[in-house]
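K.L.:
Which chain is which? The protein sequence lines are A and B, in order. According to this note's numbering, numbering within the first sequence proceeds without interruption in unit steps and concludes at 381. According to this note's numbering, numbering within the second sequence proceeds without interruption in unit steps and concludes at 11096.
Don't read these hints as lab results, they were simulated from the structure. A portion of the hints provided could be inaccurate.
[To be verified] Computed cross-link-like contacts, BS3-like style, restricted to lysine-lysine with a CA-CA straight-line distance of at most 30 Å: (1) A:K4 x B:K10963; (2) B:K10157 x B:K10185; (3) B:K10831 x B:K10846; (4) B:K10483 x B:K10423; (5) B:K10486 x B:K10504; (6) B:K10767 x B:K10526; (7) A:K187 x B:K10975; (8) B:K10270 x A:K6; (9) A:K4 x B:K10497; (10) B:K10422 x A:K6; (11) B:K10896 x B:K10831; (12) A:K4 x B:K10504; (13) B:K10831 x A:K187; (14) B:K10753 x B:K10699; (15) B:K10465 x B:K10483; (16) B:K10465 x B:K10497; (17) A:K6 x B:K10532; (18) B:K10696 x B:K10647; (19) B:K10475 x B:K10417; (20) B:K10831 x B:K10157; (21) B:K10532 x B:K10413; (22) A:K6 x B:K10896; (23) B:K10963 x B:K10896; (24) B:K10846 x A:K6; (25) B:K10475 x A:K4; (26) A:K4 x B:K10422; (27) B:K10486 x A:K4; (28) B:K10699 x A:K6; (29) A:K4 x B:K10532.
Just so you know, these numbers come straight off a predicted model, no measurement behind them.
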Amino acid sequence: MKKKDKAVLALADGTVLEGYAFGARGISFGEVVFHTGMTGYQEILTDPSYRGQIVTMTYTQIGNTGINAEDAESRSVWLSGFVVKEYMARPSNFRSEMTLDQYLREHRVIGIEGLDTRFLTRHLRDQGAMTGVLSTEDLDPQNLVAKAQAAPTLIGRDLAKEVTCEKPYEFYEGLWELGQGHPQPEKPPRFRVAALDFGIKTNILRGLSSRGIAAMVLPAKTPAEEILALNPDGLFLSNGPGDPEPVSYAIAAVRKIVKMKPELPIFGICLGHQILGLAFGCKTLKLKFGHHGANHPVMDLATREVAITSQNHGFAVPEDFFKKEGQAFELTHLNLNDQTVEGMRHRELPIFSVQYHPEASPGPHDAVSRFDRFLDLLEER
Amino acid sequence: MPKRADLKKILMIGSGPIVIGQACEFDYSGSQACKALREEGYFTILVNSNPATIMTDPGLADVTYIEPLTVEAVTEIIKQERPDAILPTLGGQTGLNLAFFLMKEGILSRYGVESIGASVDAISRAEDRDLFKQAMHEIGVKTPKSGIATGVEEGMKIGLDIGFPLILRPAYCLGGAGGATAYNKEELEQALASALEISPVHQVLVEQSVLGWKEIEFEVVRDCVDNVIMITSMENVDPMGVHTGDSIVVAPSQSLTAEEYLQFVNLSKKIIRKVGVTGGGANIQFAQNPDNGQIVIIEVNPRLSRSSALASKATGFPIARVATKLAVGLTLPEILNQVTGRTTAFFEPTVDYCVFKICRFTFEKFPQAERVLNTSMKAVGEAMSIGRNFKEALQKGIRSIETGRFGFGADGKDRVKDAELKKPAPALHREIQQKIRVPNDDRLFYLRYGLKLGMSVDELYDLSKIDRWFLDNMKELTELEAKIGKYRNARPTGAIKLPADLLKTAKANGFSDVQLAHLLNSTEAKVRDYRKRHGIQAVYKLVDTCAGEFRAERPYYYSTYETENESVPSGRKKVVILGGGPNRIGQGIEFDYCCCHASYALREEGMESIMINCNPETVSTDYDTSDKLYFEPLTFEDVLNIVELEKPIGLIVQFGGQTPLNLSVPLHRAGVKILGTSPDSIDRAEDRKRFQQLVKKLKLVQPENGTASSFEQARRVAGVIGYPVVVRPSYVLGGRAMEIVYDDHDLAGYMEKAIQVSPDHPILIDKFLEDAIEVDVDAIADGERCVIGGIMEHIEEAGIHSGDSAMVLPTYTLGAEILEQIRLNTAALAKELKVKGLLNIQYAVKNNVVYILEVNPRASRTVPFISKAIGVPLAKLATKIMLGQTLPELGFTQEKPIPYVAVKESVFPFIRFPGADAILGPEMKSTGEVMGIDTTFGMAYAKSQIAAGQKLPTQGSVFISVKNQDKRHLVFVAKKLQDLGFQIIATSGTAEALVRNGIEVEVLPKIHEGRPNILDYIKNDKVDLIINTPAGKATKEDETKIRSHAILHGVPLITTLAGAEASVNGIESLIRQPQMQVKSLQEYHRDIGVRASLYT
């Protein structure tokens, strides 16, 4: 066993945890959150929604299955730091191509292991998510706490612009199959939708493709006119990191599109859902420690069916948004753990959205029917 | 969906006696189910033949029947109680099979009883191999190539088509009984024959072996509106080829990516829907090819199982409780998650720790059996441990299993010493490779030897097919061990120099103080002291179903070495109960029953109850049994850590069997207060020398005896006493290594072995009282007074372990004077030892002399049996005495006579150990017990036999072959059988004696003399009962063959004269009263005026 480098995680409230470094070396800051999924660290690392965050895994041994070429959710690793109880240096999985350590080094992301992650989780649960600094260089607790206090929070920061694609691209590729990777769907696409990329997860696009929906993935700042000029069959608003309010250009674009072409089906997931809410005049709120996991029960209020869903968000559409007089939107889905808003639909227009992630990755496929719902709207048109 | 209002009365079927493959987990699930149904307001009727269960406590179900689990008995119960529904999913394979046969025989439809939880169709689809395969193919789920055979020839053809190796699985068998692996034609033929015999429907699946594939399990729950949730995944450390009940298992799975995991989830959902579970749980077992991820399904159990109990304890999700509520029509979102107290049961648990399950084996009891693991389950118990990583859980698990080991080797107990591993002899090298390749109960330690030899993880993988991830973790432990070893002291007196951060790492990876002491050449006490001085102490984390995301209400903890301790001691007065650890022969559910009662009593007295135990099967480790649960190994270190944190007013060690009792003296020395009978009194009873003084002081009679630490001493003692003698080590349970020895030669052999079993304690030698009647007494005392719970007469004569003997309450041959003597002796002993709590005494009566054999100042195996029989919860009362109450205050001042007869019979695992001889002796071999209760001895005995699986015939042929000294007595038995209409068959020797006494006998040749002999008769179903008493020391080979064939073919076998006499009595009752009568425990108790409130 070679000697391990020390690393420190310092929180803005003065909490300091010491551990050992893996992955890249350096210093970084971000909002510290915890994820309760037991598998899927590769998907989490590559989910652009974690931009600006330091993610703590509550499951304790991480790195077991290495990294493979098939399970990335985007082209890069976006989060600011990765916190685990124990990093497993020797993966064991038939698809593994490199270690987690190598992967983080390649993407210049700092990892820390060997700290009491359960303490950290409980602390964040009770005190709320907060800014932290992760460092392998400066190990002085006081310095680091000061840095954490000085670091910006997520509120008011437009992170979507940091993770969105630079240029538009077409996407049409199937879901993962053992031994097949991601094969092209057998049938050619029946619909083409515009997908605004605020940090889109590839499996969302695959979820669309597997239903015959091809996507034109567009940079987040694409104006309404340009989007409509593509003459899409529908509009998809993707997931993405952080606070939705500063993504004002997209909120404006959505508003404009609804005005110009109200019959256009729109489907939003996560940040897309919040942006939709904002476009219709709601104020989003910040949750205490957010939802980051693969086991959130969500009830469809119409059918009373419950799905176990994958989630990743720190902001939300408040419930009182639906209580306003003459509200065009109705609440369709509720989180059974804390009764927060999980989905809504427009009463007249073909517009709906969900806060959770029907594409899972990682997580169960209970909620994939949301993609079918979008398909239905495209077909009805 | 609201719960079903059309159902009022629900019948639940328990799983019967503890056998290999079906243990306390069904008491746990059954008890939860009882509570769940009553919470919902249903009238519950329970039937189970096992008196040692919590579920059969009269307070749990509205009506409780302790009756045999047969179609006949349950039909009577259905007639009497007229339930609307039957819930067959919580009684293991026994319950499921019974429900299936009730359906097949039209009983359910005749009385309008609906099967809830699992429909009859669902049961068939999961259990019938053909239907199952077909169902899986319909939904595109791959199964291993296979075919169903109903005959050997057919099976051979299927097998040769598929190719070797092959797995055989008999249909409708629990715990893989009769399962086998065949590598060649010869093995296939043999295995087919026995598998077909064992299957109750004579059907066997011949299957492509997926040996070496990964074995992954999922626990799945579905409600009636098609909500499906995954409770947990589990990954077997031992790959395919070892029964999952014998495998080391971890939860959650460790080597799957999210996408791969999702494949299993999606398959599981498809499967539970196809099988048709519409309100309950299922366990689904998969095999995965480690090279390409290809998945096949192995089997589905559409019921609560051993795995579901493990999954419940592993995650905190009460599967049985929830499944029961789903069975009556509730849906998942309608059920509250009791652990968080605010979320619903509709969620999937997530954990932030590693759970490790390890099995307890008992090969030492069956030395003739091959010491390997395969697809037929052999484990008698299991322990679960929780750690923040696999390494910590692994080491805690090994400690928990109580085989005298303190972690992953490095504890001074390794069979192969480090020095030998430095330069291994070629034979040792081969042995290590062999033990890694062929699954066995010692494989973990051989993996360590392999690592220490310098074998690479890949080499170990090639031999064992154990996933490299697990092997890597083991390797890390050996690396850490080497690092610690660098700080080894030259002399044990030296100061410890281990750096604090390395010590902390070691503790966080599960190293016990004993291991550290061994590695550092120090002592456990010094390591502990050093550790505490450096502030390195255990902290406790919560099992909360949600990885800390929500606040949890249920105080269920495990230890680790990290920064934050979540277990905050309350300001209340509290008592710690030490549980019994893993089940083993000699220490099983009876003790868990007592521990639970201790907890109930503490609650009644307003005291905080804290349970420490590591057995996931039990009720005691249910999160709502005690106020606080610590899922921890029962070692000095682990217990003391908790005691130091909680500061209880005392510990209860009387109830968990030998495990806590062995800890009582060291804990007492460490300043821990032991409640009830003092450790000194315990020692006076356990220590032979002190016991002798006690006996002398009280002027009691003891068989002549002595102690010895060497063969020479032993021979001198035996010379004085005279052969035969009973020899045994002190401080062991279940008659471990106890033997009757007839001469010097055997004594020499015995002494050599015995010193290994218990090196620190001398060997006890007693005069063996041949043909004496043995008596067991359970009593309760408050330091002053003593009241007899029950005096039980053994059916079998002295020399057969009390745990294996059938017993009857009240006694049936002892005179009033003898009984009075027994009462006086018991009271005198209780008083002298100042017993506060329970007391068990074994006596032998010969020629009207009452000999005292042993005194156990603790709960005995028979406490639940007696408690049920007399309607007094003895363990509960004993607990209250330990807290300071007196017998008069508790209202129990007189022995309770009963106007009916209760018989306890034992059940044996011989069928699991091919080659082991099915005879009884001083070493205990039974795994569980049943109770037969009725108005006469004959009927009660008959019921006990039927309940134990011994189908006493009422007509047909009886084969008799007995040792010479039994022949005279046997004439009466044979005569009686003939009068009852049986044909008698015997070989020449026995026949001669019988014919002389005017009995007609069909004479068969001895096995080696010619054919057809008795073996042919057994195979051709031409014999209905076998009475075969072994010929003393030199058991003949013929006899062993007869007995093992009888076991394999399910022919009732009686191996003692007393057993034969009792059985004839039972047979006579069955003939006279062909319709079995059933009566509930509550009615029996009403007859003797028991207040129901005593139990609730």
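K.L.:
Against this structure, judge whether each hint is valid.
P.N.:
We went through each hint and held it up to the structure:
With a C-alpha separation of about 72 Å, the suggested pairing of A:K4 with B:K10963 is violated against the 30 Å cut-off. Proximity of B:K10157 to B:K10185 is assessed by CA-CA distance (about 10 Å); at most 30 Å being required, the pair is judged to hold. Our distance criterion of 30 Å between C-alpha atoms is met by B:K10831 and B:K10846, whose separation comes to about 25 Å. Only pairs whose Cα atoms come within 30 Å are accepted, and B:K10483 paired with B:K10423 is accepted, the gap being roughly 20 Å.
Distance restraint check for B:K10486 and B:K10504: the Cα-Cα separation of roughly 16 Å lies within the 30 Å cut-off, and the hinted pair is therefore satisfied. Among the hinted pairs, B:K10767 with B:K10526 is inconsistent with the structure: their alpha-carbon atoms are about 43 Å apart, more than 30 Å. Restraint check for A:K187 and B:K10975: the C-alpha separation of about 84 Å exceeds 30 Å, so the hint is violated. With a C-alpha separation of about 47 Å, the suggested pair B:K10270 and A:K6 falls outside the 30 Å cut-off, and the hint is violated.
With a CA separation close to 21 Å, the supplied pair A:K4 and B:K10497 stays within the 30 Å bound. A C-alpha spacing of about 35 Å is found between B:K10422 and A:K6, which places the hinted pair above 30 Å, so the restraint is violated. Pair hint B:K10896 plus B:K10831 holds up; C-alpha atoms about 20 Å apart against a cutoff of 30 Å. Taking the CA atoms of A:K4 and B:K10504, the gap is about 15 Å. The hint holds against a cut of 30 Å.
Taken as a hint, the B:K10831 and A:K187 pair is broken in the structure, with Cα atoms around 88 Å apart against an allowance of 30 Å. For the given pair, B:K10753 sits about 34 Å from B:K10699 by alpha-carbon distance, which is inconsistent with the 30 Å threshold. Annotation: proposed proximity of B:K10465 to B:K10483 holds, straight-line Cα distance about 28 Å (limit 30 Å). Between B:K10465 and B:K10497 the CA atoms are separated by roughly 39 Å; this puts the pair beyond 30 Å, and the hint is violated.
Simply put, A:K6 and B:K10532 have alpha-carbon atoms about 25 Å apart, close enough for the 30 Å limit, and the pair holds. The straight-line distance between the Cα atoms of B:K10696 and B:K10647 is roughly 39 Å, outside the 30 Å bound, and the hint therefore fails. Taking the CA atoms of B:K10475 and B:K10417, the gap is near 18 Å; set against the 30 Å cutoff, the hint holds. Taken as a hint, the B:K10831 and B:K10157 pair is broken in the structure, with Cα atoms around 71 Å apart against an allowance of 30 Å.
Using a Cα cut-off of 30 Å, the hinted pair B:K10532 and B:K10413 holds, with the two alpha carbons roughly 25 Å apart. Between A:K6 and B:K10896, the direct Cα distance comes to roughly 70 Å. Violation of the 30 Å bound is thereby established for this hinted pair. Of the pairs offered as hints, the one joining B:K10963 and B:K10896 is violated, with about 40 Å between alpha carbons and a cut-off of 30 Å exceeded. The hinted pair formed by B:K10846 and A:K6 fails the criterion: a straight-line CA distance of about 75 Å is larger than 30 Å.
Taking the CA atoms of B:K10475 and A:K4, the gap is near 18 Å; set against the 30 Å cutoff, the hint holds. At roughly 29 Å between alpha-carbon atoms, A:K4 and B:K10422 fall within 30 Å of each other, so this suggested pair holds. Among the hinted pairs, B:K10486 with A:K4 is consistent with the structure: their alpha-carbon atoms are about 19 Å apart, no more than 30 Å. A threshold of 30 Å between alpha carbons decides the hint, and for B:K10699 with A:K6 the separation of about 72 Å lies outside it, so the pair is violated.
Taking the CA atoms of A:K4 and B:K10532, the gap is about 26 Å. The hint holds against a cut of 30 Å.
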